[in-house]
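Here the protein sequences come in this chain order: A and B.
Be aware that the first sequence starts at 1, since it is given in my numbering, and climbs by one per residue.
Be aware that the second sequence starts at 368, since it is given in my numbering, and climbs by one per residue.
Worth flagging that the hints you see were computed from the coordinates, not collected in a lab.
It should be emphasised that the depicted structure is a prediction, and the values quoted were computed from it without experimental measurement.
Ideal Cβ positions, reconstructed from N, Cα and C, are used throughout, including at glycine.
Among the clues, some could well be false.
[Unchecked claim] One-sided and incomplete, this derived list gives chain B residues near chain A with beta-carbon spacing under 7 Å:
{"no.": "1", "residue": "F397"}
{"no.": "2", "residue": "G403"}
{"no.": "3", "residue": "D404"}
{"no.": "4", "residue": "V406"}
{"no.": "5", "residue": "E427"}
{"no.": "6", "residue": "V429"}
{"no.": "7", "residue": "K430"}
[As the list claims (entries may be wrong)] In silico DSS-like pairs for lysine-lysine, Cα to Cα no more than 27 Å straight-line:
{"no.": "8", "chain 1": "A", "residue 1": "K278", "chain 2": "A", "residue 2": "K70"}
{"no.": "9", "chain 1": "A", "residue 1": "K15", "chain 2": "A", "residue 2": "K159"}
{"no.": "10", "chain 1": "A", "residue 1": "K15", "chain 2": "B", "residue 2": "K488"}
{"no.": "11", "chain 1": "B", "residue 1": "K372", "chain 2": "B", "residue 2": "K475"}
{"no.": "12", "chain 1": "A", "residue 1": "K155", "chain 2": "A", "residue 2": "K15"}
{"no.": "13", "chain 1": "A", "residue 1": "K297", "chain 2": "B", "residue 2": "K488"}
{"no.": "14", "chain 1": "A", "residue 1": "K19", "chain 2": "B", "residue 2": "K475"}
{"no.": "15", "chain 1": "A", "residue 1": "K327", "chain 2": "B", "residue 2": "K464"}
[Unchecked claim] Over the 10 Å line for every Cβ pair with chain B, so calculated as not near, a few chain A residues:
{"no.": "16", "residue": "K80"}
{"no.": "17", "residue": "K106"}
{"no.": "18", "residue": "A116"}
{"no.": "19", "residue": "E183"}
{"no.": "20", "residue": "G310"}
{"no.": "21", "residue": "T320"}
{"no.": "22", "residue": "Q353"}
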Amino acid sequence: MTEVKRTPLFPEYEKLGAKTVDFGGWDLPVQFSSIKEEHHATRESAGLFDVSHMGEIDVKGSDSEAYLQKMITNDLSKVKVGQAQYTAMCYEDGGTVDDFLVYKLKEDHFLLVVNAANTQKDFDWLQEHVEGEVTLTNISNDLVQLALQGPKAEKILQKLTDDDLSKIKFFRFKERVVFDGIENPALVSRTGYTGEDGFEIYLNKNSGSDLWQAILETGKNDGLLPVGLGARDTLRFEANLALYGQELTKNITPIEAGLNFAVKVKKDVEFIGKEVLKQQKEEGPSRKLIGLEMVDKGIPRNGYEVLKNGEVVGFITSGTQSPSLGKNLGLAIVDTAYTNVGETLTVQVRKKQLEAKVIERPFYKKS
Amino acid sequence: MSLPKEFRYSEEHEWVKDEGDNLRIGITDFAQSELGDIVFVELPEVGDDLELDAPFGSVESVKTVSELYAPVAGKVVEVNEDLEDSPELVNESPHEKAWMVVVEPSDKSQLDDLMDADAYKEMTEDE
Chain A
1 MTEVKRTPLF PEYEKLGAKT VDFGGWDLPV QFSSIKEEHH ATRESAGLFD
51 VSHMGEIDVK GSDSEAYLQK MITNDLSKVK VGQAQYTAMC YEDGGTVDDF
101 LVYKLKEDHF LLVVNAANTQ KDFDWLQEHV EGEVTLTNIS NDLVQLALQG
151 PKAEKILQKL TDDDLSKIKF FRFKERVVFD GIENPALVSR TGYTGEDGFE
201 IYLNKNSGSD LWQAILETGK NDGLLPVGLG ARDTLRFEAN LALYGQELTK
251 NITPIEAGLN FAVKVKKDVE FIGKEVLKQQ KEEGPSRKLI GLEMVDKGIP
301 RNGYEVLKNG EVVGFITSGT QSPSLGKNLG LAIVDTAYTN VGETLTVQVR
351 KKQLEAKVIE RPFYKKS
Chain B
368 MSLPKEFRYS EEHEWVKDEG DNLRIGITDF AQSELGDIVF VELPEVGDDL
418 ELDAPFGSVE SVKTVSELYA PVAGKVVEVN EDLEDSPELV NESPHEKAWM
468 VVVEPSDKSQ LDDLMDADAY KEMTEDE
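Required output: the full structure, derived from the provided sequences and hints.
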């Protein structure tokens, strides 16, 4: 047993009486009040998340861009300083190492924000492939990351800073944003993992608790709630944002997971996994991600088998009762022959075979 | 929430209420609070047999599925139909409105193997 890790915000969860669980080696809050309540608060007002467990890898040096272009599936050449990009990083066979955000800080300086449980694996994989003048540094322990998400996110955060947040457009960021009474400045990006408008905020770990408290206090009257991992999962699920370990794994390619927009096979660089991904993108993958709605009563869960005429044709990657839609929904990787909207499939829910139908994705889009 | 003194409790967090010929079964306040928002309850049908310690249904929260294990053996004589449309009753009233089944026990002495309120309270405080 390795020791369970805690983010610098842990004392804040304790004050709020959150219920914590071991999540990939991190002692994190699953909920502060109720998953449903926190979910609805984020959709209707705003939710504040501590996501400091996420990994941050700093990439610096004159060959950084050329090197990253070989490592990732998306095309960094179109990204300007001050922009962030969502990408996958793959193995030679197209299976996924991780999916993450790349922030372009300077022409020769990037920040990768990766999944917590993959941080060391990503770092090792990146280090193994370094070419030219590139320096990688794992700076995960120096930073806290807060996410403020929801339709009132901008209104609330703007009360704490003189920087004009409305100027930070979707997938853009600003460095050295100063918040009232907070010692260290922050990097603020208009990004998130909920399907709502909102921000992700990175700053020195010593200022984490101060900013957390300031945002909670400022947003109180607008219905802001602190949100745990439970609602983070239901929110991202409804918006069909992939979760590494479920929709994406070393055995699932980003094309199979429906992330075609993040795989640029026309990019003029031989990036790792290109051959397989190019073929899948051009010819169509033999299996792919679909959305399912249960027709019979039951809830699909990760790992349950999906069948057609008694034959296993796929598996559920994520499933729950959608708090926003009130329906029992699932995401599944299924043989392409059975992926048309309206197709009827069966899900093995423990001892029962229950009917489900293929529906449009994503399940939820902000209005 | 206080634990009714007259109930008996299982290690799997079910409560059993002695109603003379029959026993009423549900899950404890501790169990519902550990599970969080309950969104689905799957129960047996009237006439089904419950086998001691075997799963007889499940309770699903947003996050997880949890099986219900029979604290006693017997035949199901009544099922709480309200939970089909209102699973949230399990969160709101675990010891009363959200009873799950009523069984006619095959051996009522199995009740003696269950915990009383004090023993159950002690068990949950250790968790």
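Against the structure, the hints:
The interface hint given for B/F397 is violated, since its Cβ lies 13 Å from the closest Cβ of chain A, which is over the 7 Å cut-off. The interface hint given for B/G403 is met, as the beta carbon of that residue sits about 6 Å from the closest beta carbon of chain A, less than 7 Å. Hint on B/D404 holds. Least Cβ distance to chain A is approximately 5 Å, under the 7 Å limit. Among the interface hints, the one on B/V406 holds; its C-beta lies about 4 Å from the nearest C-beta in chain A, closer than the 7 Å criterion.
Interface restraint check: B/E427 against chain A, minimum CB-CB distance 5 Å, threshold 7 Å, status holds. Checking B/V429 against chain A: minimum C-beta separation of about 5 Å stays under 7 Å; hint holds. Because the beta carbon of B/K430 sits about 5 Å from the nearest beta carbon in chain A, less than 7 Å, this interface hint is met. The suggested pairing of A/K278 with A/K70 holds, with an alpha-carbon distance near 15 Å, which does not exceed 27 Å.
For the proposed pair A/K15 and A/K159, the alpha carbon gap of about 24 Å is at most 27 Å, so the pair holds. Between the alpha carbons of A/K15 and B/K488 the distance comes to roughly 25 Å, so the proposed pair stays at or under 27 Å and holds. About 18 Å separates the Cα atoms of B/K372 and B/K475, which keeps this hinted pair within 27 Å; it holds. For the proposed pair A/K155 and A/K15, the alpha carbon gap of about 26 Å is at most 27 Å, so the pair holds.
In summary, the hint linking A/K297 to B/K488 is not supported, as the alpha carbons are separated by about 34 Å, beyond the 27 Å threshold. As the CA atoms of A/K19 and B/K475 are separated by approximately 38 Å, the hinted pair breaks the 27 Å bound. Of the supplied pair hints, the one linking A/K327 and B/K464 holds, its CA atoms being roughly 24 Å apart against a limit of 27 Å. Here A/K80 stays apart from chain B, with its beta-carbon at least about 40 Å from theirs, past the 10 Å limit.
Residue-level check passed: A/K106 sits 41 Å from the nearest beta carbon of chain B, beyond 10 Å. The Cβ of A/A116 lies farther than 10 Å from every Cβ of chain B, with a closest approach of about 18 Å, so its non-interface assignment holds. Residue placement check: A/E183 keeps its beta carbon more than 10 Å from all beta carbons of chain B (closest about 36 Å). The Cβ of A/G310 lies farther than 10 Å from every Cβ of chain B, with a closest approach of about 23 Å, so its non-interface assignment holds.
Consistency note on A/T320: stated as away from chain B, yet its beta-carbon is not over 10 Å from all of that chain's, at 6 Å minimum. Every CB of chain B lies more than 10 Å from the CB of A/Q353, the least distance being 14 Å, so the non-interface label holds.
In this structure, the hints that do not hold are numbers 1, 13, 14, 21, in rising order.
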